[in-house]
Each structure stands twice: as C-alpha cells, then as structure tokens.
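Take a look at the letters that make up each chain.
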Amino acid sequence: MDLFLERLISGLTNGSIYALLALALVVVFRGTGTLNFAQGELALFTTFVAWWLTTQSLPIWFAIAAALGVGFIMGALIERLLIRPVAKRNDMAVLIVALGLFTGLNSLAGLLWGSETKIMPSPFPNGESDFISIGGARLYGDALGVWGALIGLMGLMTLLFRFTKVGLHMRAVADNATSATLAGVRTSRILAIGWGLSGAIGALAGVLVTPLAPQQLSLTTMFSIFIAASAAALFGGLDSLVGAVVGGLVIGVLEAMLTGYVSVIGGSLQQTSALLIIVVILFAKPTGLFGTTKLVRV
Amino acid sequence: MKRFLRVVSAAALPALVLGACGSGSGTDTGSTEAGSTGGAASAAASVVNADNCADPEGVKAPITGTLKVGWSAPTSGPLADAVGNVIEGMRARFAVENAKGGIGGVRLEVVVKDDAFNPERAKTNVGELIQKEGVHVLETFGSGQVDAIADDQNDACVPLLFAQASVPAYRDIAKFPWTTEYLPSADVEMGVVVEGLKKKYPNGAKIALAANQTESGQGIANGLKKAIEGTNFTIAAEAPLTDPRTAASSLKSSGAEILVNAGVTTDCLALTQAIGRVGWKPDTVIQPSNCADGATLYAPAGDAADGQQILRWLKDPANAAFADDAAVKEYLQQSAANGADSPTNSYTVNGWAIADLMVDDFTRAAKLEGGLSRLTIMQAARTQDYQPPMFIDGISFTMSPTQAYGVLAFQPFTWKAADKAFAVGGDVIDISSQYDK
Amino acid sequence: MGVQDPTVVDDTPRVTAPGGMPSGPVPAPVSPGGGGLTGRGPLTIIEGSRRHWALRALGVVAVVAVLLLASQAQAFRVGQFTNVFIIAIAIVGLNLVTGHTGLLSIGHSAFFGLGAYTTGVLVARYDAAPMTTIPVAVVLSFVLGLLVGLPSLRIKGLYLALVTLTVGVSFPEIIRRAEELTGGAAGLVVRSASLAPPAWTGLGRAQRGIWMFWVSAAVLLLVMWLSRNLVRSRFGLGMRSTRDHEIAAAASGVRVARTKILAFGVSGAITGLAGSLFTMYIGALSPDGSFTLLKSIELVTGLVLGGIATQLGPVVGAVAVVFLPQLTGAFSTGPLSGVVFGVVLIAIVFVMPEGIVGRIGLWVRRRVAVVPADRPGLAADTTAAPPPAPPPHSNTHNRWEDQ
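Protein chains in written order, with the working numbering: chain A, 1 to 298; chain V, 299 to 735; chain E, 736 to 1138.
Keep in mind the hints are simulated off the structure, nothing from the lab. Don't take every hint at face value.
[Stated by the list, open to error] Each computed BS3-like pair below joins lysine-lysine, with the alpha-carbon atoms no more than 25 Å apart: (1) V:Lys-579 <-> V:Lys-358; (2) A:Lys-118 <-> V:Lys-524; (3) V:Lys-496 <-> V:Lys-665; (4) V:Lys-627 <-> V:Lys-498; (5) A:Lys-285 <-> E:Lys-891; (6) V:Lys-498 <-> V:Lys-524; (7) A:Lys-118 <-> V:Lys-714; (8) V:Lys-579 <-> V:Lys-366; (9) A:Lys-88 <-> E:Lys-891; (10) V:Lys-366 <-> V:Lys-398; (11) V:Lys-524 <-> V:Lys-496; (12) V:Lys-497 <-> V:Lys-627.
In this text the structure is predicted, and so the values were computed from the model without any measurement.
Make the full structure from the sequences, and use the hints.
Structure representation (structure tokens):
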C-alpha cells in the first residue's frame, strides 16, 4: 500500500508541474489561438534568472518574485515584438518564430550561465526529515508546496477571470476579438497581458520543478516537461483551464503508475504510453476532455 | 610423496607462467625503452599498416612543422561546458610541450569543429578535418559520433585516438585498427566493482540495479550482469532511471544490500536524493566512475550520500588527499598558467591526461622507423604502456596488439558527507590479468 | 516591346495592395513578348510553345550543370550535399501532408526513422543488398502513414498535431525497447563494407560517397516530379480543397476521409524513402541521435523556410537546415551559434513568411507567367492577345499559397 501511495504522490507532484505549464499554454491559446512552442524554454530562462539571483546571495522568495516579473515582461515583449507582426500573416510563421525562440532562448541561457547542471534551492522545506507520513508513504514539504502552488494559482486565475475587468476583457478577446475591439476593449494590451501572464506562470512552474527534477537545472530540464504539458493542455481542451490542470495530473499519475506497475512497459516507454492513452481519449473527445466544440456556420 | 610433488609442480608451472604474463603489462609504470618498443612495434606493425589505406604514402609521410589534432565535439548545447574543459586541458598540456620545443621541433595544435552532438555533423566535420584541414589525429566525444566516423577514418587511415566513448565494438583491433577509446570499458569497471564487492561480501549478497535507458547506462548494467556470473551475487531488482523517485520506491522493496547506479552524471544526485526521500539506506551504494564531481553531485544530497563508493583512475586536484602530490601541484600550476579556466574540474584533468598520453605516443612514434607519421603514431598508440602523472599511482593506460582496453585498474573512493570530500576506500584493484591473453 | 491595343482602354483606378501587386481589374493589355522585365506586366509564355520548351531545356541543363559541379567538390562537401538531398526528399514528403493537405505533422521523424531502421536492420542483420531494401522501407512507411492518417478523420488541427507528436516521440522509445532487432540505445551500425555500390556500377567501396550523391540526387528529382504530378492530379485537387475548406470539399464530392489517409500514407512513404537513403549515407543509426522530435522540428523548419506548398521549397529548406547551423557555427562558437541560429530563423520568417521560394515565386510571377494554351483571352494568334490578369494577391491571406 505504501508503494502505491508513494507512486501516487510522485505522480501527483509531477502532474502538478505539467499542470502549471499547461495552464500557461492555455492562457496563450485563449488569447492568440496558437500553441507557444517556446513556453518551456522561456520558463527555463526565467528559472536561470532566479537561480542566478540566489547565487548573488538574495533570498529565494525574492528570486522567485523577480523571475515571475521577468517572465511577465519577457512574455509581453515577445508577444508585442515577435508574435503580433507575424500572426496576422500566417499560422505557420508563428510556429517558426516559436521554434526560433525555442533554440535561441535555450542557447542564450547556455551562453549566459554555462551548460553545467546547477543546483536550485527550493522555496519549500525539502530536507531529509521534512515530511509527513501518510499510510507509510512520505509526503515531503516541497511536494506539498507544489500542490499548494497549483491550487493557489487555480484560485487566483478563477478570481482573475471571473471578478476582474482585465479577466473579463481577456475572455472577450478569446471569444471574439473583433467584437471585443468594437466594444472598446484594448485588444492589443490584453494580448500582451495574456502572454505576460503565461510567461509568469511558466516561470513559476520552472522554479518549482527544478529542485525536484532529476537533473536539477540544466538546459534539457524543460523539454520533456513541455511535451507532457502540451499533451495535458490538448487533452484537457486547449481553451479550458480546468482541463489543463486535470490533464496534467492525469498524465503525471499515469506515468507513475505505468512505470511502476506495468513492468513490460517499464521506464523506457513511459512517455509513449502516457501519450498513447491521451490519443485514445482524443478519439472519444476530439477537442479535449473539457474543450468546447466550436460550432461554425458553413 | 614424489607423486605429490610432481602434481604440485605440474600445477605450479602454468600458474607461474600465467602469473608472469599477467604482471607483464598491468603494473609497469615507467615508459618503455627503445628496445622493447621495437619488439612491440613490429607486433603492432602486423596489425596497423598502410596496406588498406586510400593514400599509403600520405600515411607514412613524415609530419613536419605542426601536428594537428582535430576534434569534432558538441561545443554547443548541454555538453558544451564539459567538452570545453576537456579541450582547455588538452590545449594547456600541448602549450607546455610546445614551450619545450614540441615533438622534435614539431608544434602541437588543436582544431575544433562543433557537431552539436549530432552524428551527421560529426561525419561532415571529420571529412572536412581530414580533407580540408589536414589533421593528423582525430578526437571526438560520444558513441554516436564514433559510430558515424569510424568507417571513414579507418578508410582514410587517420588515427582516432582516445575517443571519449566506450563502445565495445571499437575494442576490436582487427576491424578498427585506427580507432582507440579512452573511457574505461563498462565491463572492466564492473569487473573491478565485483572484485571489491567480493572482499566485502564473501558470501555474496543481493544487488538492486538502477539502470539508465541510454546506451551508457545499459552498457554498465550489462557489464554488471556479466561480472557477477559465476559469483554468489544476484540481482534482486532492476528499475529504470527515467523517474528516479519511482525507481527508488521499487528498489527499496527488494531489500537488497547493494545498490548499483548504472547511470550517467545526471542520475547520480537524483538517485541519491530519491533514496533519501523514500527512507532507504542500502549497505553499499556504487556510483559509476563518471559521477566524479563531489561538489555538485554528492554534497547537495547531504547525509544520504554518505558512504557511497566510486571508482577513480585520475588524481583529484580538489581533494585534500592529493594536496601533497608533486604531479598534482605541477599540473595545477601549469594548467592555470596555460589557459585552463578551472583546473580542478575533472573534465580539465581528463583533457590534460589525454594530451599527456598523446604526447607519449608522439614521442615514441618519432623514434620509430620512418619518424613521426600517422602510421607510426598509430603503431605507438597500439603499444602504449604509460602512466600519466595525473593517473593514480599504480594505474596506467595500456594498449597492446592483443588488447585495447586502456584503463584496467581503479581505486575505490568513499564519500564522507561530514567532510564533504572523498576518502580513499581501498587499494588499487587491477584486473589487467583477466584481459591480457 | 508591346503595342497598346487601341480598342481596350483601361481607365479604371488601380489599387495596389501591400506587396506592390496590382489588384482589381485587368491592367492595360500588353502582347506577349513585351512587358516582363521592363515592367509593363508579366511576360507571358504559352505552355507548349517553343519559348516554353526552351525554358524547360534551360532548366534541365542548369540542374545537370549544378549537379556536375557539386559532384566535383571535396569528398566531405559531396557528403554534405548528399545529406541535403536526403533531407529535401523527407521534406517533399512532409510537404504533401502539411503543405498541400493542410494537416500539420510534427512526427515525421518517425517515418524517417522507420525507413532508416528498416534498411539498417535488413542490411546489418540479414545481409540484404542496400538498394533492395528501399521498396521494403517504402512499403512499411506507407503502412505506418495510413495508420497515422486514421486519427485525422476525427481529430483536427493542433489536436492532430499532438497525435503526430506522439508518433514522433514514441518512435525512439520503441526502438530502444526492441533491442534484439535494432540494437537498442546503443544503436545500429551498418559497416561500410555492406554499403558498397552494387557490382554493376563498377564502383568500389571507396566511391560509395559519390555513388550515394548521384542516387540521392536522382531519387530527389524523381520524387519532386512525382509530387508535382500528384499535386496537379485529381487527387491533388482533392488534397488542396480539403486543406482550403474541408466541408466545401466534402460537399463537392471529394472523398475527404480517403484523401487524408492516403495523403498521410504517401507522405510517410516518401519520408521513409529518405530515411532508407540516410542509412546508406551515414551507416550509423542511433535512436537518440537522429530520429527524435528535434528531427521533426528540423523538417518542419525546413519546410516553412523553403516555402510551404511550393515545389522547390523543400530543396531550399533542406539547404537552409543543413548549412545554416554550419554557417552560424563557423562565425561564432558554442552556445552563441545557437542564439544566432534562432535570430536568423526569426528574421527570415519576419521578412519572408511565405518562405524563400514563396517570396522568389512572387517576384518571378510578377515578371513571367506560364499559361496554358487554352486560356480564355488568348487568341489562336499568340502575337496579339492580351495578357491574363495576374491573380489578386493579398499579404494578409491566412492560408498557405499554392504555386
């Protein structure tokens, strides 16, 4: 039983990270209608910034706050300078800009801070003895912290979208950009805010995942997380925040359980089997579990 | 009584002969004399010759002016720092040699081309290095790269020396006479591990194996399985390292006394932290030899890493145990003076040691018939028995016309969490006798 | 020079859309043979006329000349060109399904890898002659393509891209698992002795480089010709209409389901063919070296840089993805070259979102237009007919242009 619980906890923790990054992807999609391929590397870059600040003897919370700020600014700038001019012309062009950012940001991080693996301090207690026992399994402080961050963020996002003016404007732009502009919404500002918000969420995901990741902070940390997060976002429906969270958790738990219990799959087909299950579910619900099916007049 | 003595002497004779053979190459630490070089060189000449070369004259042509060593290496991407340090170490060592006048007046130069760890680019790079840059010796990093270039470089008869890989196929001297690898074979390393374990657990024990799914990880796992054949060690559980936490949970339930990490540098810390978190402290934890850096891979895990064992063949300039070693002091001073940014980094030390081995090859090659040429360099490489000053005393790098394993001995070190440093964990274990046929 | 036909007077105002192309009503008619580079409207060339045949012959001569010149380069350059041809073949395959049928695929590395490993396994383990493994690789990739095409019936857009992503990600994992057959994570090496040119060519093992150069060039030309004919065929029309407006296509009688599945199949087969040649070129296969998601990204990048849904785009794109990293690596070392690569990629997309060939194509079509002989407006006497109006072009068009 304790083995099962350990695996469940591990799966939920990984899943929370996927969910965080998936939330960032969904926020971008709702605004611009595109999947931000560079989301993982942007999160990586801001995490490097946070790490660098901790090496300058600044407290970890300050570093995280700064990383969130940098993520917001970078996201907004990217949208304004790189995405907006190209989005008008061509869907594929946006994808290539994102791919260019993907390579560029990764290399820039390597250029500025070196490619060696770095140790990232965790904002939550994660020493050997900072755990509570649940049915024989250990729940460590940092896992609890990640869950807490996810729940907190979900709460904030719900508040934002439901009770603030900015949130209302964002929902309007996501629904129908032209009508929103006609109704007086400053669409361009909203788009930039959307990307900025996703940059900040990505930064949060990055700083939370790196203390837990096998390789700590290295240039390859975010790639597989990004793939799982994209799958999670798509699985849950690209325009559904709840779907992204559910998707992330499901993928995390699936991966842990499959690796643990189905030995013929083992660790070498971990990503494949999780993704395959997603594909099967997409067959049943082609726009994702919680996605809205668009009705289009032909 | 007489019959007894006859039996005993009959048994003793082969043992003596084998013993003499075994002690022949493994424990020599000095450089070989010209006389024995001549004898060994003629054996090497039967293996390495210019007959199948595309350009036999070019292979034998004397090298004058500059000797170029060409690298195809991932100088961009996640391995950039590590590779950068290796090359810095090599350049520093060559600079020291050039200051002394080079190899009989021939200067040593390093040329580097980036392949981003991509085998296709490695193949193109090597073609360019050979055809355009005219390099005399090649170096590369990574088994995929060696795979991509081995045929081309063997056809062109350009030596690939001390490749940073450990693929079993290239230890075959007949098929790949122009290729040698530097990294210890996983089979050899696991053989030494098992020798050490036999001393600690004379009655055998259960082993939990955490295996990385990449080629190096699988190589170590298979090496371990081969090494325990015929012993009373068993593998009680095996788990993939894709998710270290899940692996730790699964392996803990096996109740094994020994944990072997068949992984790469990114797995060492992760696995240690994972077993700490599930509350499992095996009696013995064996880390692979490439998990050598104490500060980044052991210290952050705190007490969970205490007592972990690793095998080393290089002296560690950062370790207090080697602070008084004359070779280490000289290395630190000379490498820093010649452009090495981080002399205590294990990759820099490796680069320096490899360059040292190359200088030994070149020096002996210059004394062979025909002078310094690609052919004599390869012949010298095939008959090397040299202990670089930065190798631990008692460990040398040996190649002969019958074996191409290089490093056949290790010294175990144990991590002491309280001191945040490695301490010597035993004597040098040398299994070269098993490989010298 | 052209003489204006006095009976047709053009006094309607001309509106120039961004990009400088006149849109709207027919501009002043100019007879064929005039205009063109002198700026009075495009030079029209009637299909089948002598001028057209001359143009074609010139094209063929140019291609042969370039190939001959390339084959004289140093051996490693010849190898690089071979790599370019192989990637170009793979991108031609990708173009069929992503460019012409509108189904984004970021998993084409799986087809590439399947073709490569089929040839690798057959040659290394079963001692097959390399050229005979090509049909096997093509058939297997075709079947995989059909399978991947099945989800496209229900799943669309980015969700379908996820399915292709799954295929792309799972391929290296499956290869690593099937150790017995494929060598697993250690990879599969096909020794050059097995890759020697066939006996009938009279070439020895040492000439396998130049042999692969010509084989790849020939296959590329063949595949480009096949692709061109496919796109212009009825099936191709079905592909393009599926891309442009699926429901209208279905309403017009296009068998959308069959089109999508077959498009994936053919696309996969062509990319698998490229993979097969790749094994013969490089001889060393490693699942994490050349067949990961990064290879899919490389193919998509090449496609878009070259020009989606163009005929020559794949070739230009392949040149870009092979030589661009080389160039940036030559100017700057280490991680800086990655940054420069990213910047250059973004710059190219900014300046030329329709791709390099797309942009050149726009420029060319302003100057020269090849029209079929039965185009309305052209009299039987080709010297005095008014030119056809250039198609209205808008830079804000969101769909991929077809050539």
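*List, from low to high, the hint numbers that the structure doesn't satisfy.*
Violated hints: 1, 2, 3, 4, 8, 12; rest satisfied.
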